[in-house]
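Just so you know, the protein sequences line up as chains C and U, in that order. Under my numbering, think of the first position of the first sequence as 17, with each following residue one higher. Under my numbering, think of the first position of the second sequence as 17, with each following residue one higher.
No lab work stands behind these hints, which were simulated from the structure alone. Incorrect hints may appear among the rest.
Output of the computed footprint for chain C on chain U, the stretches with three or more beta carbons under 8 Å from beta carbons of chain C [stated by the list, open to error]:
no., stretch
1, 54–64
2, 246–254
3, 257–263
4, 306–317
5, 376–387
6, 398–405
7, 458–469
Idealized CB from N, CA, C, for every residue including glycine.
2 protein chains.
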Amino acid sequence: MTATEPHIPAAASRPTQAPLDAAAFRAAGHALIDWIADYRETIHERAVAHLPEPGAIRAMLPARAPEFGEPIARILGDLDSVVMKGIVHWQHPGWFAYFPANSSYESILGELASAGLGVQGMLWSTSPACTEVETHVLDWLVHAMGLPARFLSTGAGGGALQDTASSAALVAIVAARERATRFASDAHGLAAGGRAVCCYTSDQAHSSIEKAARIAGIGREFVRLIPVDGQGRMRVDLLAAEVERDRALGHLPAFVSATVGTTGVNAIDSVPEIAEICRAHDLWLHVDAAMSGTAALCDEFRFVNAGAEHADSWCFNPHKWMPVNFDCDVLWVADRAALVRALSVLPEYLRNAATESGKVIDYRDWQVPLGRRFRALKLWFVLRSFGLEGLRALVRSHVSMARTLAERVRAHPSLELVVEPCLNLVAIAHKGGDESTQRLIDAANRDGRFFVSHCRFHGRLVLRVSIGALATTPAHVEAFTEHLLAEAARA
Amino acid sequence: MTATEPHIPAAASRPTQAPLDAAAFRAAGHALIDWIADYRETIHERAVAHLPEPGAIRAMLPARAPEFGEPIARILGDLDSVVMKGIVHWQHPGWFAYFPANSSYESILGELASAGLGVQGMLWSTSPACTEVETHVLDWLVHAMGLPARFLSTGAGGGALQDTASSAALVAIVAARERATRFASDAHGLAAGGRAVCCYTSDQAHSSIEKAARIAGIGREFVRLIPVDGQGRMRVDLLAAEVERDRALGHLPAFVSATVGTTGVNAIDSVPEIAEICRAHDLWLHVDAAMSGTAALCDEFRFVNAGAEHADSWCFNPHKWMPVNFDCDVLWVADRAALVRALSVLPEYLRNAATESGKVIDYRDWQVPLGRRFRALKLWFVLRSFGLEGLRALVRSHVSMARTLAERVRAHPSLELVVEPCLNLVAIAHKGGDESTQRLIDAANRDGRFFVSHCRFHGRLVLRVSIGALATTPAHVEAFTEHLLAEAARA
Numbered sequence: 017m018t019a020t021e022p023h024i025p026a027a028a029s030r031p032t033q034a035p036l037d038a039a040a041f042r043a044a045g046h047a048l049i050d051w052i053a054d055y056r057e058t059i060h061e062r063a064v065a066h067l068p069e070p071g072a073i074r075a076m077l078p079a080r081a082p083e084f085g086e087p088i089a090r091i092l093g094d095l096d097s098v099v100m101k102g103i104v105h106w107q108h109p110g111w112f113a114y115f116p117a118n119s120s121y122e123s124i125l126g127e128l129a130s131a132g133l134g135v136q137g138m139l140w141s142t143s144p145a146c147t148e149v150e151t152h153v154l155d156w157l158v159h160a161m162g163l164p165a166r167f168l169s170t171g172a173g174g175g176a177l178q179d180t181a182s183s184a185a186l187v188a189i190v191a192a193r194e195r196a197t198r199f200a201s202d203a204h205g206l207a208a209g210g211r212a213v214c215c216y217t218s219d220q221a222h223s224s225i226e227k228a229a230r231i232a233g234i235g236r237e238f239v240r241l242i243p244v245d246g247q248g249r250m251r252v253d254l255l256a257a258e259v260e261r262d263r264a265l266g267h268l269p270a271f272v273s274a275t276v277g278t279t280g281v282n283a284i285d286s287v288p289e290i291a292e293i294c295r296a297h298d299l300w301l302h303v304d305a306a307m308s309g310t311a312a313l314c315d316e317f318r319f320v321n322a323g324a325e326h327a328d329s330w331c332f333n334p335h336k337w338m339p340v341n342f343d344c345d346v347l348w349v350a351d352r353a354a355l356v357r358a359l360s361v362l363p364e365y366l367r368n369a370a371t372e373s374g375k376v377i378d379y380r381d382w383q384v385p386l387g388r389r390f391r392a393l394k395l396w397f398v399l400r401s402f403g404l405e406g407l408r409a410l411v412r413s414h415v416s417m418a419r420t421l422a423e424r425v426r427a428h429p430s431l432e433l434v435v436e437p438c439l440n441l442v443a444i445a446h447k448g449g450d451e452s453t454q455r456l457i458d459a460a461n462r463d464g465r466f467f468v469s470h471c472r473f474h475g476r477l478v479l480r481v482s483i484g485a486l487a488t489t490p491a492h493v494e495a496f497t498e499h500l501l502a503e504a505a506r507a
Numbered sequence: 017m018t019a020t021e022p023h024i025p026a027a028a029s030r031p032t033q034a035p036l037d038a039a040a041f042r043a044a045g046h047a048l049i050d051w052i053a054d055y056r057e058t059i060h061e062r063a064v065a066h067l068p069e070p071g072a073i074r075a076m077l078p079a080r081a082p083e084f085g086e087p088i089a090r091i092l093g094d095l096d097s098v099v100m101k102g103i104v105h106w107q108h109p110g111w112f113a114y115f116p117a118n119s120s121y122e123s124i125l126g127e128l129a130s131a132g133l134g135v136q137g138m139l140w141s142t143s144p145a146c147t148e149v150e151t152h153v154l155d156w157l158v159h160a161m162g163l164p165a166r167f168l169s170t171g172a173g174g175g176a177l178q179d180t181a182s183s184a185a186l187v188a189i190v191a192a193r194e195r196a197t198r199f200a201s202d203a204h205g206l207a208a209g210g211r212a213v214c215c216y217t218s219d220q221a222h223s224s225i226e227k228a229a230r231i232a233g234i235g236r237e238f239v240r241l242i243p244v245d246g247q248g249r250m251r252v253d254l255l256a257a258e259v260e261r262d263r264a265l266g267h268l269p270a271f272v273s274a275t276v277g278t279t280g281v282n283a284i285d286s287v288p289e290i291a292e293i294c295r296a297h298d299l300w301l302h303v304d305a306a307m308s309g310t311a312a313l314c315d316e317f318r319f320v321n322a323g324a325e326h327a328d329s330w331c332f333n334p335h336k337w338m339p340v341n342f343d344c345d346v347l348w349v350a351d352r353a354a355l356v357r358a359l360s361v362l363p364e365y366l367r368n369a370a371t372e373s374g375k376v377i378d379y380r381d382w383q384v385p386l387g388r389r390f391r392a393l394k395l396w397f398v399l400r401s402f403g404l405e406g407l408r409a410l411v412r413s414h415v416s417m418a419r420t421l422a423e424r425v426r427a428h429p430s431l432e433l434v435v436e437p438c439l440n441l442v443a444i445a446h447k448g449g450d451e452s453t454q455r456l457i458d459a460a461n462r463d464g465r466f467f468v469s470h471c472r473f474h475g476r477l478v479l480r481v482s483i484g485a486l487a488t489t490p491a492h493v494e495a496f497t498e499h500l501l502a503e504a505a506r507a
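Start from the sequences, fold in the hints, and give me the full structure.
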């Protein structure tokens, strides 16, 4: 045993299986890498989503944790014998549900390297590379995605990785709340102010906006869910009216979240028009571009950035369409001081010379948690291994597949497009009504080759086809299209 | 190319380095596993913490992301040529700073398996194994750690993994706030209530409690930081007085966070006494046992659980002393309905038959984010590979090393123990005063073999020695002790 292997003194009375040493880790690690590659190479042979009975997985596990260590081979073996019995295959080429959640080989390696290093990036000084690679790569993305210079760390802004767009929305709301109350709510709490802080987003925005506002003490009642137009975009006239009304009532409008790609039908709010209202009323403008933000890598899809130059904060998820494994959300802010001031606490035990020099970023002040892992590694690995051209080719291929599907749907006598498709999402309904659409959804999900999800749009049930898995090829979408069209004729 | 490898159509005009296929992933993955093992086997040869100049890491990176893909060998090579220039070695055997942040080989494999599967556990139905393994393993821990049955998922309670104790505190505070206001703040916001919701914790509690309360809209002023006694424990008499005072002022006391192992000196609040006050005033009792909770694996250290049977929520971090890589915090609640109701939002696109059956847990309602990865795998791997006896042996070895160090300090004429040491943390001061203590800290951290951090306790500077790295052996602590004692004689 070398000096740096796990040091476990002999246990009390009975022999204990030793934890892994380096040699055993190498062998198990190689085996697990191969297991992952085998899984991915054969994933198309599996049904995308075959659910066990509730409790069936638990029932396979012993009632108590083992007293003595088990061999790693047996533990890894349970990936097949237990875990795989309850897995929905998000990496499957027929994954058309929810959102693409790509865990590319590159990002797996980045996550592995991060775990291997095992460093904390809460402060710059607790591992400078963890902070500096992140800051730098997020500046890369500002350039690569054509986002405004105000988000660059070299000015007053900058980016920080969050786990999800939910957390990004929460910290943006907290910063907005403090800007609106001039830090009175931070000092004295929202109760002291008496005036209700109001947030605005569309009724098609992601549920995380409402959840974040509730966590932040704003209350469900003061999250104004603005109706959308026929294409799913926030009605800006109604937003303006609602803000005016709240002002007249003595409330304190503070925050607007515009959606670039709604969860349901991928509608894109008119951020430039929303920004005008925000400017007129001094509201914090947040943009949630969770899935569709990635499209900005391509010049022809830069429409997703419209109005970004007016945003106070802007987020998207590389863990969706950009193939970085979950969790990886990028939040950029135009004024990092506003965010940091709202989230900073500096106890004595975190004081250090680098922080006090003012020359470094301490990301603990940009997020809810104190600790953070070296999450930027996986983003860095993906950007470098794919290259921007590789990522653009991926985005274009998905959009192209979605367009092909959409044209087939448009041409079919029983089907219709619920909205004009945007990017990689096609929202479909059967002309026969919700029951027929439900039958289409059920038929697709029973097939095993595909998995789709649903939403409601203006009251109507919608079959959502979200195309963006790394493994999806035109042949997979073609197979799905044939299935859908055949079922539609029957439904 | 098989049907399920990344599908990247040919890019526009110039050749693009293809992203990794399965064969290249296998080769790169094996190499990276070996790199991690090599790193860990030689980590003791490195200085624990040698910081570069601010900006030095960024300066090694190109100004823009590459247009075309780079070979994976070059990318992995930059782990040495770039990343390692700015890494603080948290896995080093001389890691005595902050807290142990063990990333065991087992947990690295668990994180790798999670990334390889690439599933989302936001709903039971989006990968049942992701939820069921987690629920089950957290029930295992209730038994293994001798925690009260009220935290078992088989009753009204249950556990859920969070990223950190910061997020655990936040969701506990939100649930407490809603219980205290009878969901009025959830519906109408804190401003509507008029009464200030109050939170209580000691002035030695972790900064995350104050941060969480601020995020939740409670305000810094209404986070009552109760003074501590000479051993660092919350003054329960002062807590009682403060709660009475707040009631008299018409405020709404809601939440107490007791600390089992303060960040500074590892003091353990008297949870049973605090619980009496909580019961008398109907306050939510949260216990933050971030590092020291792990000690409950050993019968002789079960004092850390005192009063847990009265707690509404209880958290500890397997990513600290239990060797699971960051991030991995366990939050248990006695009444899961209270937590879920405070955090639940159910949009149409997440509706599914399993959720509506009421037979499953959807962990999205137990945390801030919607999405979640299969984080339980690494905890499951660690518990099984070490076995409970292996983990107990680890805890006992660290406590034993800390006691040996403490006795040497106690016997030294120039040094003193600031408090009676608890478990694996030794808090030391030089009798010559803060300047002498600072010289000891600086000398230890200059040496390269060790890294310690500091705190202030009743105004006094403290050198903290936190013993808990997997690689630490009695010989490493002995070397540190010799160094410290020699320096103390000089300081």
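Hints versus structure:
Counting residues of the stretch 54–64 of chain U whose C-beta lies closer than 8 Å to any C-beta of chain C gives 6; at least three are required, and the coverage claim holds. Evaluation of the coverage hint for the stretch 246–254 of chain U: breached, as 0 residues show C-beta separations to chain C shorter than 8 Å, against a requirement of three. Counting residues of the stretch 257–263 of chain U whose C-beta lies closer than 8 Å to any C-beta of chain C gives 0; at least three are required, and the coverage claim is violated. Interface restraint, the stretch 306–317 of chain U with chain C: violated (0 residues with C-beta to C-beta distance below 8 Å; minimum three).
A stretch counts as covered by a chain when three or more of its residues have a beta carbon under 8 Å from one of that chain; for the stretch 376–387 of chain U and chain C the count is 5, and the coverage holds. Given a C-beta distance limit of less than 8 Å, the hint that chain C covers the stretch 398–405 of chain U holds, as 7 residues qualify and 3 suffice. Given as covered by chain C, the stretch 458–469 of chain U fails the check, having 1 residues with a CB less than 8 Å from a CB of that chain where 3 are the minimum.
Checked against the numbered hints given earlier, this structure breaks hints 2, 3, 4 and 7; the rest are met.
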